[in-house]
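**Q** Sequence:
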Amino acid sequence: MRANTGSDGQTESPTTPTRDQAPPTGADRSACTSPAGRLPERAAEEKPESKASMFASLRVPNYRLFISGQVISNVGTWMQRIAQDWLVFTLSGNNPVALGIAVMLQFLPTLGLSLWAGVLADRVDKRKLCIAIQAGIGVQALVLGLLDVTGIVTLWQVYVLCFVLGIFSSLDVPARQSFVAEMVGRKQISNAVALNSSVFNMARIVGPAIAGFAITWVGTGWMFLANAVSTLAVITGLLLMNPDQLFRGPAVARAKGQLREGLAYVRKRADLVTLMVLVFFVSTFGITFFTSLAIVAGNVFGTEADGYGLLSTLLAVGTFTGSLLAARRGARGAPRVRLLLIAALSLGAVEFVAAFMPTYLAFGIALVPLGFATITFLNTANSLVQTSVSPEMRGRVMGLYVLVLIGGNPIGGPMVGWMADTFGGRSPFYIGGVISVVAAVACAFVLARRGGMARPVRLAGLRVLSARGARAARTRRAL
Numbered sequence: 003m004r005a006n007t008g009s010d011g012q013t014e015s016p017t018t019p020t021r022d023q024a025p026p027t028g029a030d031r032s033a034c035t036s037p038a039g040r041l042p043e044r045a046a047e048e049k050p051e052s053k054a055s056m057f058a059s060l061r062v063p064n065y066r067l068f069i070s071g072q073v074i075s076n077v078g079t080w081m082q083r084i085a086q087d088w089l090v091f092t093l094s095g096n097n098p099v100a101l102g103i104a105v106m107l108q109f110l111p112t113l114g115l116s117l118w119a120g121v122l123a124d125r126v127d128k129r130k131l132c133i134a135i136q137a138g139i140g141v142q143a144l145v146l147g148l149l150d151v152t153g154i155v156t157l158w159q160v161y162v163l164c165f166v167l168g169i170f171s172s173l174d175v176p177a178r179q180s181f182v183a184e185m186v187g188r189k190q191i192s193n194a195v196a197l198n199s200s201v202f203n204m205a206r207i208v209g210p211a212i213a214g215f216a217i218t219w220v221g222t223g224w225m226f227l228a229n230a231v232s233t234l235a236v237i238t239g240l241l242l243m244n245p246d247q248l249f250r251g252p253a254v255a256r257a258k259g260q261l262r263e264g265l266a267y268v269r270k271r272a273d274l275v276t277l278m279v280l281v282f283f284v285s286t287f288g289i290t291f292f293t294s295l296a297i298v299a300g301n302v303f304g305t306e307a308d309g310y311g312l313l314s315t316l317l318a319v320g321t322f323t324g325s326l327l328a329a330r331r332g333a334r335g336a337p338r339v340r341l342l343l344i345a346a347l348s349l350g351a352v353e354f355v356a357a358f359m360p361t362y363l364a365f366g367i368a369l370v371p372l373g374f375a376t377i378t379f380l381n382t383a384n385s386l387v388q389t390s391v392s393p394e395m396r397g398r399v400m401g402l403y404v405l406v407l408i409g410g411n412p413i414g415g416p417m418v419g420w421m422a423d424t425f426g427g428r429s430p431f432y433i434g435g436v437i438s439v440v441a442a443v444a445c446a447f448v449l450a451r452r453g454g455m456a457r458p459v460r461l462a463g464l465r466v467l468s469a470r471g472a473r474a475a476r477t478r479r480a481l
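The sequence shown lines up with residues 3 to 481 when you count with the numbering used here.
It is worth saying that the hints were derived from the structure and are not from the lab.
Backbone N, C-alpha and C define an ideal beta-carbon position, used for all residues, glycine too.
Hints may be right or wrong, so weigh each one.
[Claimed, not checked] Here are the simulated lysine to aspartate or glutamate pairs, EDC-like style, with alpha carbons at most 20 Å apart:
1) Lys-130 to Glu-394
2) Lys-130 to Asp-246
3) Lys-130 to Asp-174
4) Lys-270 to Asp-174
[Unchecked claim] Label pairs and their calculated CB-CB ranges:
5) Ile-413 to Ala-266: 23 to 31 Å
6) Ser-94 to Asn-244: 12 to 20 Å
7) Glu-394 to Thr-156: 16 to 24 Å
8) Val-440 to Asn-244: 29 to 37 Å
9) Val-151 to Trp-118: 31 to 39 Å
10) Glu-394 to Glu-306: 49 to 57 Å
11) Asp-423 to Ala-364: 22 to 30 Å
12) Leu-363 to Phe-425: 39 to 47 Å
13) Phe-303 to Arg-262: 44 to 52 Å
14) Trp-219 to Pro-360: 28 to 36 Å
15) Val-162 to Thr-218: 32 to 40 Å
Whole structure, please, built from the sequences with the hints as guidance.
**A** Given below as structure tokens:
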């Protein structure tokens, strides 16, 4: 796919929306970052409309087409995820290290491609890029499904196809995440991100539930084939969109140093750096239960694929609920740093407690609040990044965000397998919980000392004052 000089490879007319201006058929307004380029604690300039609702973004026709395709495709994605984990687990003789290797291979391409993918997303038509990527993901699922259904699949073949899927995924996430802003405009980003997450997590409930029982009836191969078909829904929605109604910025012309320019932009923003450090530690060491659930289901509680699917569904109940509340918050105003820190702390604490649940039922129930805290953290981090960067930098910054979010998985995947094999299947939960709590508290202090928040942060009774607030308190005491 070639880079375009304009939104669709043509010279833009005066009525073509640029940056975050409204297209001819809608209304929106540009927004700026908070003073000193800090993440907004309460972005006063982003006042929500009085009639804003939880489903405000669905008023945008292009976004409705996008989300409709996501509803179908995400169910297929989660069916494949459960089937792939269980297939690796079965082919390897219930070896947790083999499952960790599969995760590592799937996320390894992110280390080398996500930053470049962000540059690519800023240069080319994001809609066409997403279509091409979805086609590649569909082909990968089709090949794996045919190998499995015909009974000739081997572990090394699954490893290779995990790596291929990782290549497409590393290109997909920065392009798709930044494309959300083009569909709805900056003012609706938080709401749109949360709604997309709600659909994703609704699929996380339905997909594993279907896969867990279907695998016991027809095997894992048909799950891959179903996912291949589901990608057609996304492609159809993207093709039916009206490009003239997108909130597009001018395409970034190809030039040397654009990747370095994006990295320099983030490096100058201490708040963004701190946020991404927090995301790295929590996602790498704390949010490993998407992999470790299969280990807990099979090796700790001795269940089959249906037991694994049920645990995934219970986790998804929490993430779906959290996504709906995030959509409601997104319709009312900008995301808050304080919520991000509280969510990270809660995630770590609940994960630690879940590790010591004595029965399968108790462990499953603990996954509901864990899922709630997890999706609150991820949604808030995503929205904070997208609403605080300039449109021409959004693709590159999201590429870096995806790198820190997913790039730790090549470390975390084998680490989870090693910990489960050495210290027991519960160990990834209590170790990850402790690391998440420490990271949340440390980043809260760093952000407060650097003035990244406009008001105090309260973390379970711990009051962290900003540097400005601390100086004011000392002054009052002196008087």
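**Q** If a hint holds in the structure, say so; if it does not, say that too.
**A** Now the hints, each set against the structure:
1. About 18 Å separates the Cα atoms of Lys-130 and Glu-394, which keeps this hinted pair within 20 Å; it holds.
2. For the hint pairing Lys-130 with Asp-246, the CA-to-CA distance comes to about 14 Å; that is within 20 Å, so the pair holds.
3. Only pairs whose Cα atoms come within 20 Å are accepted, and Lys-130 paired with Asp-174 is accepted, the gap being roughly 11 Å.
4. Between Lys-270 and Asp-174 the alpha-carbon distance is near 27 Å, which puts this suggested pair outside the 20 Å criterion.
5. Distance hint for Ile-413 and Ala-266: a CB-CB separation of about 26 Å, consistent with the stated range 23 to 31 Å.
6. Taking 12 to 20 Å as the suggested C-beta distance range, the pair Ser-94 and Asn-244 does not conform, at roughly 48 Å.
7. A C-beta distance of roughly 46 Å is found between Glu-394 and Thr-156, which places it outside the suggested range of 16 to 24 Å.
8. In this structure, Val-440 and Asn-244 break the distance hint of 29 to 37 Å, their C-beta atoms being roughly 48 Å apart.
9. In this structure, Val-151 and Trp-118 meet the distance hint of 31 to 39 Å, their C-beta atoms being roughly 35 Å apart.
10. At roughly 51 Å, the beta-carbon separation of Glu-394 and Glu-306 lies within the given 49 to 57 Å, and the hint holds.
11. Roughly 24 Å separates the CB atoms of Asp-423 and Ala-364, a value that falls within the hinted 22 to 30 Å.
12. At about 24 Å, the CB distance of Leu-363 to Phe-425 disagrees with the hint of 39 to 47 Å.
13. Separation of Phe-303 from Arg-262 is about 49 Å and conforms to the stated range, judged on CB atoms against 44 to 52 Å.
14. A hinted range of 28 to 36 Å for the beta carbons of Trp-219 and Pro-360 is consistent with their spacing of about 31 Å.
15. Separated by about 27 Å at the C-beta atoms, Val-162 and Thr-218 break the suggested range of 32 to 40 Å.
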